[in-house]
Every structure is written in structure tokens, then in C-alpha cells.
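Colleague: Just so you know, the sequences run in chain order P and C. Take 1 as the starting number for the first sequence in the numbering used here and just add one per residue. Take 1 as the starting number for the second sequence in the numbering used here and just add one per residue.
Think of the hints as simulated: they come from the structure by calculation, not from any bench.
Calculated pairs, EDC-like style, for lysine to aspartate or glutamate (alpha carbon to alpha carbon, straight line, at most 16 Å): (1) P:Lys101 - C:Glu56; (2) C:Lys14 - C:Glu83; (3) P:Lys101 - C:Glu44; (4) P:Lys97 - C:Glu104; (5) P:Lys97 - C:Glu56; (6) P:Lys101 - P:Glu29; (7) P:Lys101 - C:Glu104.
The chain contents come next:
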Amino acid sequence: AQTVTQSQPEMSVQEAETVTLSCTYDTSENNYYLFWYKQPPSRQMILVIRQEAYKQQNATENRFSVNFQKAAKSFSLKISDSQLGDTAMYFCAFLFKGTYKYIFGTGTRLKVLA
Amino acid sequence: DTGVSQNPRHKITKRGQNVTFRCDPISEHNRLYWYRQTLGQGPEFLTYFQNEAQLEKSRLLSDRFSAERPKGSFSTLEIQRTEQGDSAMYLCASSSPAGTENTEAFFGQGTRLTVV
Numbered sequence: 001a002q003t004v005t006q007s008q009p010e011m012s013v014q015e016a017e018t019v020t021l022s023c024t025y026d027t028s029e030n031n032y033y034l035f036w037y038k039q040p041p042s043r044q045m046i047l048v049i050r051q052e053a054y055k056q057q058n059a060t061e062n063r064f065s066v067n068f069q070k071a072a073k074s075f076s077l078k079i080s081d082s083q084l085g086d087t088a089m090y091f092c093a094f095l096f097k098g099t100y101k102y103i104f105g106t107g108t109r110l111k112v113l114a
Numbered sequence: 001d002t003g004v005s006q007n008p009r010h011k012i013t014k015r016g017q018n019v020t021f022r023c024d025p026i027s028e029h030n031r032l033y034w035y036r037q038t039l040g041q042g043p044e045f046l047t048y049f050q051n052e053a054q055l056e057k058s059r060l061l062s063d064r065f066s067a068e069r070p071k072g073s074f075s076t077l078e079i080q081r082t083e084q085g086d087s088a089m090y091l092c093a094s095s096s097p098a099g100t101e102n103t104e105a106f107f108g109q110g111t112r113l114t115v116v
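Bound conformation, chain C alone (with noise of 0.2 Å):
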């Protein structure tokens, strides 16, 4: 297991279609969390799940965004409808090795969407 591994690394879609981004987590981990970034801005927070429980959702997350994380495993964040105003980098992060209180969030290298 070498990481947290998003796909794609890179998306470009036409306004007004759909997207969607996968994460898969480092395998022990039980949380899992997606974060958006704009250029020159720190993470802002978007979504996080214990297992495949989504315990909490931004304000910030439009109805056109879900994120799903079944079986506990990998997760998608799909965001529908896109707007220009949806181009960020999408990062993922995963935590805590179930059984253990470790705070350390491991992240991803991140899907950067463009849309045009």
C-alpha cells in the first residue's frame, strides 16, 4: 500500500456535465475525508466519512455534489451539473487506522478540474 491514490489526476469537462472522482484510502484507514482547493487558498473542508458512514457535509456542498464510500472502502465524489466556478483541486485525505486514536491525515496528490 503505498498511499492514498486519487483518479484522474486531471479533468477537464464542458460546463453543465457531469464529473466524477474516485479516492481509494490507505486500506487500514477508517476516515476519509475530501477537501477542495482553489489556487492560493488552504483546503477548505467538503465531506468526511468513518467507514461508510458520511458523518458530516459542508455547507458549502451544493445538492449538485455526493460522495459515497460504500463498504467502507474507496470513495466518489461526483459533482453534477459542473459550473466554472467548480474548477479547484479535489483532495482526499484518509486517517486514522481503526483501533488507534492517530491523528496524522495521509493525503492524496489531489484531481485538478477544469471546467471550461
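Here chain P stands alone, though its shape is the one from the complex (with noise of 0.2 Å):
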């Protein structure tokens, strides 16, 4: 069975500063997905990243960027420029694409400090 770990349960950083958020995850298979995805209070869960286990290349997308290793079956987040809209809910999710069933984590709750 696959599960997905996040060791972080808070975490706060200054606005426009770095932060990085932990995941590892545990599987046997070889075709799998990885997400972050971010829940902000009150609303809805929503994509921030994707990486597909086939690419070694790290996904970015804007500010956001993965460290991805997968011999160590580590997936970290990378916020740069921090902005207050970042302050989140933020879940680390597998997705093995035999049964496309995502697998989620017990999140790591971001706070950005004016």
C-alpha cells in the first residue's frame, strides 16, 4: 500500500523569503504521479504542482518548484518570494496510475508573516 508522509505540521515564513515543505512517500510501483496541492481556509483544494515519476527533470511552475528523489522517494515544495495569498493548507498526494486513486498526506499548515 502506498502511503505519503509530511513531518511538518506548521510552518511560518516571512513575506518574500524562501520556505520549503517535506513529503515523503512510500511505494513499490514505478508509474506514479506526485502533486502538491493547496487548501486555502474556507475554500477549495486546488493544483500547485505535478510531477510525473518517469521525469527526472524538477517541475517549477512561477515561484513554486519541487525537489524531486526519487531513490529517496522524497518530493519537497519550494515557495520563493513568499506572498500573503500562500498562507494555506498544503498536501502532498500520490497517484499510482493503476488504480488513479490519489493517496494525500496530513498536510503542513503554511503561515506568511507581513
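Using the supplied hints, reconstruct the complex from the two chains, each of which is provided in its own coordinate frame.
Modeller: The following block contains the structure:
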């Protein structure tokens, strides 16, 4: 069974600074995807960034980038130039292409301080 | 089409009553998911559909829970004889337009259930 672990329940960062959220996962599969989703307070979850396991190049989306270490089963999210609107819960998620079932971690609550 | 829609947004019910939630996915999406989220936790998988077929159901889901997706469009999640432990946010998501392998899941705003 696949599992996703986020070991940082809460983090804070000063506006304009950089922060890294950690995620590790466990799987014996090779064909999978990894995601970071953002859930702002009282709002719906939205996709931040996605990584396909077979791609060695780390995904980037504007201020968001990942450090994907397949052998170590690690998938961290770096947020550069943090903005107040980045305050949210962040969930790491795993999708095995055979089942198409998303498995989520327990989340990291990020607070960006003015 | 403005996204995944869930109704009602909030539901308060007495223990022992039955409740039903509805999810309208993005129209061209063929996969539909139900998750449960409690405070401070990540979403827990409950079940998912590809078109009208229910492909997997979590062992967390007791016999009191049932989900349907008639005609592969909207879905309903029913909880019979509710218990206080059923209090949670119930999230619906849809993904994968038919004919593509797009893996992004789009979530609704959820239905918050409180069992008193």
C-alpha cells in the first residue's frame, strides 16, 4: 500500500522569503505521479504543481518548484518570494497510474507573515 | 461549467438520521472521487467512479455508506443511521477528461456534516 508522510504540521515564513515543505512517500510502483495541493482557509483545494515519476527534471510553476528524489522517495515543495496569499494548508499527494486513486498526506499548515 | 459543485454546503443532522450529499463534477470528466476530511487531517479516500462504474471502495467505508453515479454524471453519497464519528467534511473531486490522461483532480468546496 502507498503512504504519504508530511512531517511538518505547521510552518511560517516571512513575506518575500523562501520556504520548503517536506514530503516522503512509500511505494513499490514505478508508474506514478506526485502532487502538491493547496487548501486556503474555507476554500477548495487547488493544484499547485505536479511531477511525473518517470521525468527526472524537477517541475516548476512560477514561484513554486519541487525537489524530486525518486530513490529517496522524497518530494519537497519550495515556495520562493512567499506572498500573503500563500497562507494555506498544503497537501502532498500520490497517484498510482494503475488505480488512479489519490493518496494524501496529513498536510502542512503554512502561514506567511507580513 | 464553473467547476465541481457540491450540495448542500453544510448539513446538521441528529444521530440516527440518514443524509444524502450530491456532487456535480466538471461535465467532461469521467472520474469522480469522494473523500472525507476531518479537522487537521488530509483527505481520506472513500470511493471512486469511472463513468458509472464504482471501481474501488475504501475499507473505511462501512455498510452505512453508499455512493452512486447513475449515467456517469452527478454522484450521491448517502450515510444511513449517522453517528457522531461521521462528522467531517466530505469532498468530491473529478478528473481526467475522457480520452486524455490528465491527472489533475478538481475539488468541490465540500459538504460539512455535523452529527449531533
